[in-house]
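Once you've looked at the hints, dock chains B, C, D, E and F against the given chain A.
There are 6 protein chains.
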Amino acid sequence: MRILLLNPNTTEDLTQLMVQSARRTAAPGTTILPITAPRGFPYISSRAEAQIGGAIVLEMLAAHHRDGDAAIVAAFGDPGLRGARELFGIPVIGISEAAMLAACMLGRRFLIISFTSVMRPWYEECVEMHGLGSRCAGVRALEGAFGSITQVQEEKEELLLQLATSAIMETQADVLIPGGAPLAGLADKIKAKLPVPVVDPTQAAVKMCEALIALKPGKATTGTYRRPAAKPSFGLEEGIAAHIAHRDG
Amino acid sequence: MRILLLNPNTTEDLTQLMVQSARRTAAPGTTILPITAPRGFPYISSRAEAQIGGAIVLEMLAAHHRDGDAAIVAAFGDPGLRGARELFGIPVIGISEAAMLAACMLGRRFLIISFTSVMRPWYEECVEMHGLGSRCAGVRALEGAFGSITQVQEEKEELLLQLATSAIMETQADVLIPGGAPLAGLADKIKAKLPVPVVDPTQAAVKMCEALIALKPGKATTGTYRRPAAKPSFGLEEGIAAHIAHRDG
Amino acid sequence: MRILLLNPNTTEDLTQLMVQSARRTAAPGTTILPITAPRGFPYISSRAEAQIGGAIVLEMLAAHHRDGDAAIVAAFGDPGLRGARELFGIPVIGISEAAMLAACMLGRRFLIISFTSVMRPWYEECVEMHGLGSRCAGVRALEGAFGSITQVQEEKEELLLQLATSAIMETQADVLIPGGAPLAGLADKIKAKLPVPVVDPTQAAVKMCEALIALKPGKATTGTYRRPAAKPSFGLEEGIAAHIAHRDG
Amino acid sequence: MRILLLNPNTTEDLTQLMVQSARRTAAPGTTILPITAPRGFPYISSRAEAQIGGAIVLEMLAAHHRDGDAAIVAAFGDPGLRGARELFGIPVIGISEAAMLAACMLGRRFLIISFTSVMRPWYEECVEMHGLGSRCAGVRALEGAFGSITQVQEEKEELLLQLATSAIMETQADVLIPGGAPLAGLADKIKAKLPVPVVDPTQAAVKMCEALIALKPGKATTGTYRRPAAKPSFGLEEGIAAHIAHRDG
Amino acid sequence: MRILLLNPNTTEDLTQLMVQSARRTAAPGTTILPITAPRGFPYISSRAEAQIGGAIVLEMLAAHHRDGDAAIVAAFGDPGLRGARELFGIPVIGISEAAMLAACMLGRRFLIISFTSVMRPWYEECVEMHGLGSRCAGVRALEGAFGSITQVQEEKEELLLQLATSAIMETQADVLIPGGAPLAGLADKIKAKLPVPVVDPTQAAVKMCEALIALKPGKATTGTYRRPAAKPSFGLEEGIAAHIAHRDG
Amino acid sequence: MRILLLNPNTTEDLTQLMVQSARRTAAPGTTILPITAPRGFPYISSRAEAQIGGAIVLEMLAAHHRDGDAAIVAAFGDPGLRGARELFGIPVIGISEAAMLAACMLGRRFLIISFTSVMRPWYEECVEMHGLGSRCAGVRALEGAFGSITQVQEEKEELLLQLATSAIMETQADVLIPGGAPLAGLADKIKAKLPVPVVDPTQAAVKMCEALIALKPGKATTGTYRRPAAKPSFGLEEGIAAHIAHRDG
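Residue numbers (the numbering used here), protein chains in the order written: chain A, 1 to 249; chain B, 1 to 249; chain C, 1 to 249; chain D, 1 to 249; chain E, 1 to 249; chain F, 1 to 249.
Please note: incorrect hints may appear among the correct ones.
No distinction is drawn between identical chains; accordingly, a pair holds when it is met within one copy or between any pair of copies.
[Claimed, not checked] Under the rule of at most 30 angstroms between Cα atoms (straight-line distance), these lysine-lysine pairs were calculated in the DSSO-like manner:
#, residue 1, residue 2
1, K191, K231
2, K193, K216
3, K219, K231
4, K191, K219
5, K231, K216
6, K219, K193
Derived by calculation from the structure, the hints in this document are not laboratory data.
Here chain A stands alone, though its shape is the one from the complex:
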């Protein structure tokens, strides 16, 4: 199985962080194909950036979808997920979606934590978008500045552990989800210190991809996720334009 790991951020180090985490749980026959956004932002952290980053996800998929059996949108918040799912023939899964669905099988309500409060509204809207509000115990975040996005996991590990510990008690959450690409792999480091299951979003997405590939559910030819009819466009990146115009075979 070949799984595309699409990082909508342009930071190659974040891709690596996620790839390492992903490979730790991938099944023996699974190959993770990492792709870093060729343009966009070092790290998406607002609705506007997600709007643009989500459009770039579609370009990335247009370029690479033939190389994978499934694809992961590897930014918490799942930018571009719905459009990608509609447009391409392979399963496309978001890392926040995958983490939340896995968490649903481990407890009543999950808690999402982030290293910065900037992400809260976007994450909360992501929970609502997936219709999982009743299964979410909240989104909690650290206040205050941080150094570099690629080092923040080390920098804040202790504070995140404290935040998680107190918020779990306060909210009765049954599962913890560390949100955001920069926290990829954190679950493995902290799970032994926490009293509830911890789900790594990238790892969850890999396993969900493997699951969907094995289930062979097929692509819709009707309903709301069938591929849209061919549509011309002007001024778009050529790959996505060709795919939307059904010019790419």
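Same frame as chain A, now just chains B, C, D, E and F:
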């Protein structure tokens, strides 16, 4: 007052259709400044196209936001609305949002109609995004093909009237909203033939812009809609890149 | 445009407070026609008082609806709104409804503040009645007594500002709504000191009236807000009895 | 136990219809004290009429609350219920509320039927007001005119039976509630012909009153249903004015 | 009337506690028939124990349903309620259900308290199961260990009173429900010290049984609560096996 | 990986049907260990039977949980799932839960079909229990009798295909889930004939087990799904009694 009417579609004729409708209800001192998407799709009709079109809306606003006191995202489904609202200092209003909120003051539940069933899932998700599900009696659409997007209003007027009439009875809807840029101005033609109030989305958006401009509510400097901190980017259209980087003054 | 500003309270000074606020944002051609309840309570502050005050609103409209192009129910909580909307041919808008809908265009969730906790349950039930629970970050109120209803705005301005400031941070609210007729005009005084947009309910209602008048949506002749069939009555105030009996032309 | 049966309609014959139904299920020691609205409408059937009728309910309670251990608001839709519950020291129960709560103990979802579609929106808003939307399978009503309000039960019995039978199958409802004072007692006539339990609203209210009287829960002195502080008024019916002003002992 | 009071716990002293409370409010002609679980747990306090205890409730009913006109499932959380309601011809009511429905007639939202936080998730899921989430102000519980289950009411009375008092203020709850068989009768001891109505679950269930018996709603022969078709089984307790197989007459 | 496939029904042929379906998608290193209920019903099809069958699931797990790395509750409706998840150290997943969560990654809303309408209420309550109501387009079922439970899949294949085809169009569902153990494997036969993805519940559960085993989330030691404290019992099957009493090591 200067109101930017941003058409995320590239079809200039649709812009004109909306401008004409808009000007009929604009207050004496209001100037409508129409802007047609410089790139993108002739007519957005899927989630993927809305993802891309929404990103283009941000570029259009980056180029023109200084010229307006408020802006309208003039595609039903409100592509890019949340990001736009977050990013710019002027009020930004979507035409579907404006129509639904106006309809809330006219009855218990509103009905949205479209000339093509292709739009249904996107419109339904738009209703949910605004948290107005309990006020919506449904989204109904004509089945079958249509000729040109700019002529569909004339072509389907009679069928839309029939659809609206029967759906109003069936759903007990109190208000009708003809959805989609190609139906701009239809409300004025059919309202006399229908037994419930009819709201034109573009017109509603103009009046809501005038309202917000007059209310001078101010731009958030905290909360989830404050302007995000400056962020570098790579490979984006220069105007939006500059605005997001706070390089545009 | 002539807009009836119906104060369901009998306190003329509150009417004046709202009229002054209303006129500051009314469009050039708009005339505000203030009408104070001829009977009832100095200030409605319970469900029972709202039940009675709402019935008096209907009497006020029966007497004056021919003089206006639209009407405002000018008590936060919108007493009598649904009945009024059903009964009369002109648009009728509540000040809490108008403020909440305007706030929906300015952020994700709004916060309502009051000068007294007595109003909380009524306000909360008003939010639910409008189906806007998912857009409301809460209703917060000052504890403790206050002097006169017409002076409470000055008396409590500082405390309300503190309450708003801390509650905005705590709830992540994006918009502030100062609730209640006695706080009319407060928004203009405090908005510069607050980090999120502030909406004045009376002003919002004026602009929403202007919007609906311009949109000319028409009065329903079917659905749940058509005018009810003629009905006799006994022992009611003559004007409303005549209107309900269709005896008033 | 003395239970006030307050008919907010002025039609004495409807009061008698409900009293007969009520007495069939009242416990041996229970006395039903019927009171017909001294002013108002022969039969409330719109939101506006409910607004006024609900205010009259408060007057009726101000006059009679000392004579009862509990009171029933005997119009489906529960006009004035919240205000009455707040204002008086005895339990006050609405017939629609009582029927719905009883139905909750008999099945998953209940179906409400009415002899006229005019009542549908008001009944639906009543279900929402009580937060029981997820337990309601719908409100169904006969179309078409009817003769006299006091004879409609006989006139439409067969049609109501047909409506109920088909709607139960269609909606999977587990319980049937015949809504509206004119249908009081119908349950006893039709229950043998229907495949699900049928609840008579007036009877349910009597039993719920007996239950609350026996439970002696006490009147709130804090919270949202404590008695409001004394309030002066002008131009109201003397009894309710005195009670609201705390002038009635 | 004969009401079966089925204690799904094996602790006879808890049955007695509930019987005493029940008899204080039972009507003159009502006989309470207490039945203690012949097998199972001294006190159900987890989802797993409720799963098993609920199955035992069905066995208890199979053995005794002919002796009662209605039955009470006398454990807060209502184990086995849905199955019992489906399976037997008499009304079956849970004590938490009865308490919550009674509380709905006394205020906007009720608060449930427990002597141990172990019960919280089960109680919360019970509120959701009944679709009453919007009427519940929360479930609060004491932390810390307790002595014997039959003495915990005395042991913790003072702490429960403190918990209730502060939580009522904090949540604006209008009604208090002391949850759990071990707190049966507590309402009568503490209601005079609390500022809102207090509902005893066992007492509420008795009164609701009396109500349903008097209403004679009948047993469904269609819909989701009709008696299931005869079904063979293997290895089950003989009484329930016979009833499910329709072998018991 | 060893996955316990626990069939709460006593029909060995159903177990085989599910095992065959399961093995088709299991990963190379996965062993499916089938266990058929040693007592209970040939086929659970009511709430009461699910109550008892769910208790038997706990007994089956007590006997076998040490032999598996995860366990599947292999009856649509997920009897006993919450208790099992609470009680045992390995992940426990229900087949309806797994199918619904997988479906969430394939479209907006899923449709569940059944070969008999008897299952509808139980399935609908299962959807609600998981908080997935907004993702479900409905539960549809064939009317009419069927022959044997183990042959019903062949007998009704054509009718189920017709039901699915029409219901998908009518409800706009994006994904189809054939519900119930007797339909295990049907997805593979019909998916080529249907225009939307089809998810086999047993297969989905296998893949979700593999996912959770790989993710190693750990067992909660706090929160609502920690293992309950040791509890004595009387008269229960020895294995489950020992596990609940912490007597099983």
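Exercise. Failing hints, ascending?
Worked result: Failing hints: none at all.
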